[in-house]
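Protein chains in written order, with this note's numbering: chain L, 5 to 449; chain Y, 798 to 1337.
Just so you know, the hints here were simulated from the structure itself, not pulled from any lab data.
Heads up, a few of these hints could be off.
[What the hints assert, rightly or not] Okay, derived cross-link-like pairs now, DSS-like style, lysine-lysine, Cα gap no bigger than 30 Å in a straight line:
#1 Y:Lys1157 x L:Lys25
#2 L:Lys70 x L:Lys113
#3 Y:Lys806 x L:Lys61
#4 L:Lys229 x L:Lys257
[Claimed, not checked] Partial chain Y-side listing against chain L, Cβ under 8 Å, derived:
#5 Thr807
#6 Ile808
#7 Gln809
#8 Gly812
#9 Asp891
#10 His963
#11 Ser1267
#12 Ser1316
[Said to hold, decoys possible] Counterexamples of contact, computed for chain Y against chain L with all Cβ distances above 12 Å:
#13 Glu846
#14 Trp1278
#15 Gly1304
#16 Ala1313
Glycine included, every Cβ here is placed at the ideal spot set by N, Cα and C.
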Amino acid sequence: MHIVIIGNGISGITAACHIRKLSDYRITVISGESEYFFSRPALMYIYMGHMTFEHAKPYEDWFWDKNRIERIHGWVDQVDFAAKQVILYDGRKIGYDRLILATGSQPNKFGWPGQDLDGVHGLYSLQDLEALERHSPHIEHAVIVGGGLIGVELAEMLHSRHIPFTFLVRESSFWNIVLPPEESAMVTRHIRAHGVDLRLESELKEIWGDQQGRCKMVVTSEGEKIRCQYVGLTAGVSPNVDFLRFSALDIEKGILVDDYLQTNIPDVYAIGDCAQLRQPQPGRRPIEAVWYTGRMMGQVVAQTICGKPTPYNPGIWFNSAKFFDIEYQVYGTVLPNPPEHHASLYWEHPDGQRSVRIVYDRRTDSVLGFNLMGIRYRHEVCERWLCDGTPIEEVLQDLSLANFDPEFYPQYEGAIVAQYNQQAGKQLKLRKRRRLDLVLDFLKR
Amino acid sequence: MMRKPVFVKTIQFVGIGLFVFALALFSWSLTASKFVLNEEALKAAIGNEQHWAHVAVHIAPMQGQTYPNSFAFIAALDAALRRAQEDIRKQVTDELGLTPSDGAYWNAILQDYQLKAVRFPVAKASAMGLLPDRSWLFFALSIGLGVLSAFLYLLPQKRDLPGIWHNGLWHHSLTSRGWLGMALGAWLIAFYALLYFYPEHLVNWVIMVDPISEALSGHPASQWFLYGLLYTLAILVMGVRMLIKYRHNRYQIIRTVSVMFFQTAFAFLIPEILVRLNKPYFDFKNIWPLDYDFFFEIDELIANGTLGIFMLGWGIALAVVGVPVFTYFFGKRWYCSWVCGCGGLAETMGDPFRQLSSKKLRAWRIERWLIHGVLVFAVVMTAMVLYTYFTGESRVLGLDSYQVRKWYGLYIGSWFAGVIGTGFYPLMGNRVWCRFGCPLAAYLGLVQRFRSRFRITTNGGQCISCGNCSTYCEMGIDVRWYAQRGQDIVRASCVGCGVCAAVCPRGVLRLEQASADVSKRASELRVLRMVPGKQVEMLA
């Protein structure tokens, strides 16, 4: 049995590793992006000089031969599903018994005039990073278009090299399509505190180029013209499936897959950013282009391919990011525009850089979500509360169990409970201390 | 873009400029003396009338001669002493009829180590001219200005927003094994080589710090006082840098203050004060087997009455009870990154170089052989020393225990701990000694690995495998390997510096202590949550 995986990002590589652990199948991973697996979220740290590319590789190079995971470094041109063959640009043909498509994303381009000029790039692939590195020495001013997680990463990257830039964000407050208003305001303040020229409610209209086809000017929706030598397009990503369109494969935005991550074609699976679930879990999106879901899909598809059919169930939603110096963690459901029955307890530190939000159901009192800014909470503890639908007051009294900040850090759980008491007219008290043995007891219950 | 005000940048720039000047002057100052042989000092150093009679003949041509630097002076002195040594040997064999198999022969001749011991005090007493006449000025313009200019550069960093300040480390030649890093490494290696093997060429620096030594202990400075002073200053200045860099991180603040305190009080001031009170020089926080010569001078400690016996008991109690008990509760960090002087230097002066440690599996393999090899060496050497102490017999298993302790001192104490341990900071990271050589770290590590409540926990499935933790692990632990599988990290080498947890951009790591489930959680893979309650295996 020969398993071929297109794409060596976290999804494809996780699948490869788990298939190897479960079987003796021949495994081949094809990637045009890089010969060895690297951590995509680490790209920013390479540019910022925190790490080198070597550090971004989670496994040493010998790992792949030792575990008999073959690698092909080349771009795929097309897949001949009938002949069960992958055809590379260089003409090589690779036959497969099972094919896993893990082709990831590509940066969104919304048909802006000038979007393909030299100096206009997304920030997704190793090639995007190399392009930015190539342009950096002669960027006098840059423009970032789109205020999501990649946008703020690119902002931090340019900031680290003291490259001036303008940051165009469509929304009225940073990432308020995901973050509730207070957290969004906090991030907006924080980005500006770093001296970033953040333009809210401002969009890209067009990019002008010079004679040589290099970008030289951005025109915004307000008609402002900004001279620039680099434009970063960070207005989200979409599945990287263009080379598979017009084949027998069912594709909508992404490659459509069932609960077992199988496509409409037998023996062909799709995982990670490029996959679109036909029937996502309630409250979940059909495409969730984040690291964690990619990793989970890789594990699940490995089980299925190795004879233990396993449906994909991503469990309780979680995610994390960092906005310059403010860490962000989310567990469960925290909506920017919550329905009426979502009540939320929001506590913010007076310094305006740390906050905890606990969302719960007004009708049942069950907790629904945690949103943390600048404070770390334990994934497993929050997940347990969310799974069990624990009442908010239970959670509050045990809240110290969730605290995951380093030792000696001030703990704010008392203040959070006090705020709840004040709002609800209660007299709750913390009844647990932040101790690992208590946490383990709690998790074992 | 927010830019620093120009005057702040100017201050920092001036700080760097002055620091480079101070370092250059400090280096050059080693040549800023002339040497005229001080016969009194030589006579005192020889300390043997018969030897002196021969030496006096051979040094006669040196009288009144002025030597331009320590190298010319030591060369002349050495040549004269060699000739005297040969005369003495001839006299001892020809006139007294002694041979090397007679014990008296060795007492009668002028031995090589005696020749070596003469060099430093004689050179120090013979230095004169530019620097010795103005030692305070030189001190102020080199060490004094160095400290001041370092603060000029460091203190304005308080204006930057708190966060992880690792921008550009791999782009800068000082912190990425570029030419500046190589140059600094060469400087440090040269410094250690001179300090351990040729202190007679460092006398100018020692003269500069004489007044401070006199003020503290009432004695003139030795090269070891100079070293202790520079070491303490490095920890204090770079400690302030750590306090600014991590001012948002209370764990780092308290830990840094701790190493600054233990170095200044326990390693530097208290021993000097003890000497002033005519008590033995003793560092109460140094623990065998790092303190490898602890058992060399038991008699000397006992001769000092109650205090000496307390010191002996204290040292033994720390090694036998303190290490296992504290390590059980807190992990080896209680010593390695909170108390230890080597750790103190690594965590302050070494912080800009922590990313240079190798994370390769091969390095870990070498590390385990080396560090446990040194531990075995230290234990065997100490056993021989104790055997000799109690039986009076210096030959143990066909080896001379005095020779073995000399080997240990030379190869481990001087070469490994000093020249390589610190000289290689800019090349192999700031914990070369602690990771590959320190026998106490090996001992603490064994306790930590098998009998400790300490571990680094990982936060569920939040790891993004970015590698910041591994990159900034000074001990070269591939932290990410564990974090991305959701395993707790229980490793013998972890010194608990807490930097992995600080640099993690997703809040995945936490240093914790609890007796429950240490080994279980270190083998469990909790990042995998697709089949609840079911263990999934992963590749190694």
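Going down the list of hints, with the structure as the test:
As the CA atoms of lysine 1157 of chain Y and lysine 25 of chain L are separated by approximately 22 Å, the hinted pair is consistent with the 30 Å bound. Between the alpha carbons of lysine 70 of chain L and lysine 113 of chain L the distance comes to roughly 40 Å, so the proposed pair goes past 30 Å and is violated. Of the supplied pair hints, the one linking lysine 806 of chain Y and lysine 61 of chain L is violated, its CA atoms being roughly 37 Å apart against a limit of 30 Å. Taking the CA atoms of lysine 229 of chain L and lysine 257 of chain L, the gap is about 33 Å. The hint is violated against a cut of 30 Å.
Using the Cβ-Cβ criterion of 8 Å, the hint placing threonine 807 of chain Y at the interface with chain L is not satisfied: the shortest such distance is roughly 17 Å. Because the beta carbon of isoleucine 808 of chain Y sits about 18 Å from the nearest beta carbon in chain L, more than 8 Å, this interface hint is broken. Because the closest C-beta pair between glutamine 809 of chain Y and chain L is about 15 Å apart, greater than 8 Å, the hint is violated. A cut of 8 Å between beta carbons decides the hint on glycine 812 of chain Y: the least distance to chain L is about 19 Å, and the hint is violated.
Taking 8 Å as the C-beta cut-off, the interface hint given for aspartate 891 of chain Y is violated, the closest approach to chain L being about 67 Å. With 8 Å as the threshold, the beta carbon of histidine 963 of chain Y comes within range of chain L, its nearest partner Cβ sitting at about 4 Å, so the hint holds. Hint status for serine 1267 of chain Y: holds, given a least beta-carbon distance of 7 Å to chain L, under 8 Å. Evaluation of the serine 1316 of chain Y hint against chain L yields a violated restraint, the C-beta minimum of about 13 Å exceeding 8 Å.
Against chain L, the non-interface label of glutamate 846 of chain Y holds: every CB pair exceeds 12 Å, the least being about 64 Å. In this structure tryptophan 1278 of chain Y is not separated from chain L by more than 12 Å, as the shortest Cβ-Cβ distance comes to only about 8 Å. Remark: the non-interface label on glycine 1304 of chain Y conflicts with the geometry, its nearest Cβ contact in chain L lying 4 Å away (cut-off 12 Å). In this structure alanine 1313 of chain Y is not separated from chain L by more than 12 Å, as the shortest Cβ-Cβ distance comes to only about 5 Å.
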